[in-house]
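Please put together the full structure from these sequences, using the hints given.
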Amino acid sequence: MKSPDPSRRRAGLIYDLVNRVIVFFLLVVLTFALPRLMPGDPLSLLLSSDVTRELTAAEAEALRQDMGLGGSWADQFLTYCRAVLSGDLGYSFHHAAPVSQLLATALPWTGLLVLGAIPLYLIVGVLAGIEAGRVPHRRFDRIATGAMTVLASLPPFTVAVFLLLIFAVLWPVLPLGGAQPIFPAEAPLARSVEILRHALLPTVALAVHEIVRFYLLSRGEAVALSARPFLINARARGISGWRERIDYYGRNLLPVILARMSDSITVLIGAVLYVEVVFSYPGIGHLNLGAIMDRDYTLLQGAVLGLSVLVLSLNWLIDVAAALLARRG
Amino acid sequence: MTDQIRYGAAGFRRRNGLALGSAAAVFGVMAVGLVVPPYRTGRDVLQPPGPEHWLGTNDIGQDVLIGLMHAMPNTVFIAVSAALISLAAATTFACLAAIGGTLVATAVLRTVDILQVIPSILLLLLFAAWLQPGIAGIVLLLALTTWHEDVRVLRAIVLRELTRENVRYARHMGAGWSYCVTHHIVPAVWPTLVGLYVQNIRQAVMKAAGIAFLGLTDPRLTTWGSMMQDSLDHLHGDAWRWLLLPPALSLSLFLLIVLAVGQRLERQTMAGATARP
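Going down the list, the sequences are from chains H and B.
For the record, in the first sequence the residue sitting at position 117 is 117 according to the numbering used here, with numbers rising by one throughout.
For the record, in the second sequence the residue sitting at position 95 is 424 according to the numbering used here, with numbers rising by one throughout.
No wet-lab data here; the hints were simulated from the structure.
Backbone N, C-alpha and C define an ideal beta-carbon position, used for all residues, glycine too.
Honestly, I wouldn't trust all of these hints.
[What the hints assert, rightly or not] FRET-style restraints, in silico, Cβ to Cβ: (1) P516(B) x P119(H): 44 to 52 Å; (2) I586(B) x R235(H): 34 to 42 Å; (3) A589(B) x L170(H): 26 to 34 Å.
[As the list claims (entries may be wrong)] Over the 10 Å line for every Cβ pair with chain B, so calculated as not near, a few chain H residues: (4) Q65; (5) Y91; (6) L107; (7) V114; (8) L122; (9) I123; (10) P175; (11) F183; (12) R228; (13) R243; (14) L253.
Below, the structure written as structure tokens:
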């Protein structure tokens, strides 16, 4: 991998950062505009559901002002932007709690799944890819590549549904859903074991899709590496086992894998929605979908903005890390 | 020169055998939607597969086999047309970025970069939540959230082909741009377009199934994804065997077929490229 000079790389990272700020702004505009473009206004929508009592016109007007729905579109937009920037994402009437508080309770669960899935798919996908690409067209390669092709043809939620079916319904060794039992254990150790047991299936389901991508990526690279003189030489000197796989293949795969990581985070956050829905895991994806089903648009806006901040900052940080590592290596 | 054209044409026709076959298959699938009996609710709820209902019935007495056949044209049509629209948009923007000035190119590429960092599912979610899209809506939404992925590749290829020596010679000999486009550029770009199209179809199938599975599409629209979503309530008990497995298998089978056709086309175009003198 050619490394461009540092100043150009820094300019590239700043360009990426500016892009992400623009994206966030566009999402703010979108979450502002979409509910207002729909027929009927959010207030009458709220009042038509059965969560409120009858309001007088004055009360309705006061509520309208309170929800940031008074004045012209431009005024409303400024109010909205100011609120979003100060971290105030509105109030969810369905959950009777501020949106930011709901996000704060949901975010750690999603984080647990994502952070659990990353090492899983990196280790399994990359190691299997190296093993298959080390000696291409051997039996392991044929079986693994075939299996991965089949897995690649399953939409992301299918794997989650079948894992749930097999390990929680047909052979009930793991819990069906949720993040912990209804009555969590008192002792911290027992409690963490419970949480891990609940997180296991969703994490695996989340990792499977990326395992396929990283398998195919590292297999391709490993096949190319296998033909390189330094590896043929190393093998002739009798280097094998872990040393060959980690030091010779792994190290050379690192830049490619890192380059793919920031993209992978985006995909992962998309897939986490399905996984959380299937396992009714109380993370941010579940919150999002619940908001859609309840027509709780304030929560939906907040959750989408919260999720996008998470994605945009995470994949930018990974790009920065990749750039730093590339400079060292 | 004539040789090359003839070889090119032969390769074109051979490749198109498979492509035409696939197109005929797609139209056949669409035609199925016209002949299957209506998807009615009935009194036999949650019947296991039997002589009356070959694949059983769901919780409101609809026949699963009929549902599968109704869902097939919807699923296939959504995938095929969303992929087509997004590829057409990508090609248009790629050409604009390739032949337009630096300003146009910067604008297009910047937009592409910006769209790249949003998880498309967030956009889909936002729009789908407010619109509850039917078929046309889903097609447009999918096209809107995927077109940017192909622009960079296509732009690079168009740029390469535009500056190639055969185009320059043809121009020098007095050929007009329209001749160059139809005789030199389109045949050269075609294999990539076909490959990207097949890839886009796979992506569109997965995404369409995904939003149907989340229950964000028009509830009246039957697709394999929405059938899977309906089956989720019946995992406890036996009903999943005939409610979950048939749509899941149909979906995976369709994706595998698309993958196989894509690989076949790729191999043929690669063979065609090496066979050409």
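Taking the hints in turn, this is what the structure says about them:
no.	hint	verdict
1	P516(B) x P119(H): 44 to 52 Å	holds (47 Å)
2	I586(B) x R235(H): 34 to 42 Å	holds (40 Å)
3	A589(B) x L170(H): 26 to 34 Å	holds (31 Å)
4	Q65	holds (24 Å)
5	Y91	holds (19 Å)
6	L107	holds (15 Å)
7	V114	holds (12 Å)
8	L122	holds (20 Å)
9	I123	holds (24 Å)
10	P175	holds (14 Å)
11	F183	holds (22 Å)
12	R228	holds (24 Å)
13	R243	holds (36 Å)
14	L253	holds (23 Å)
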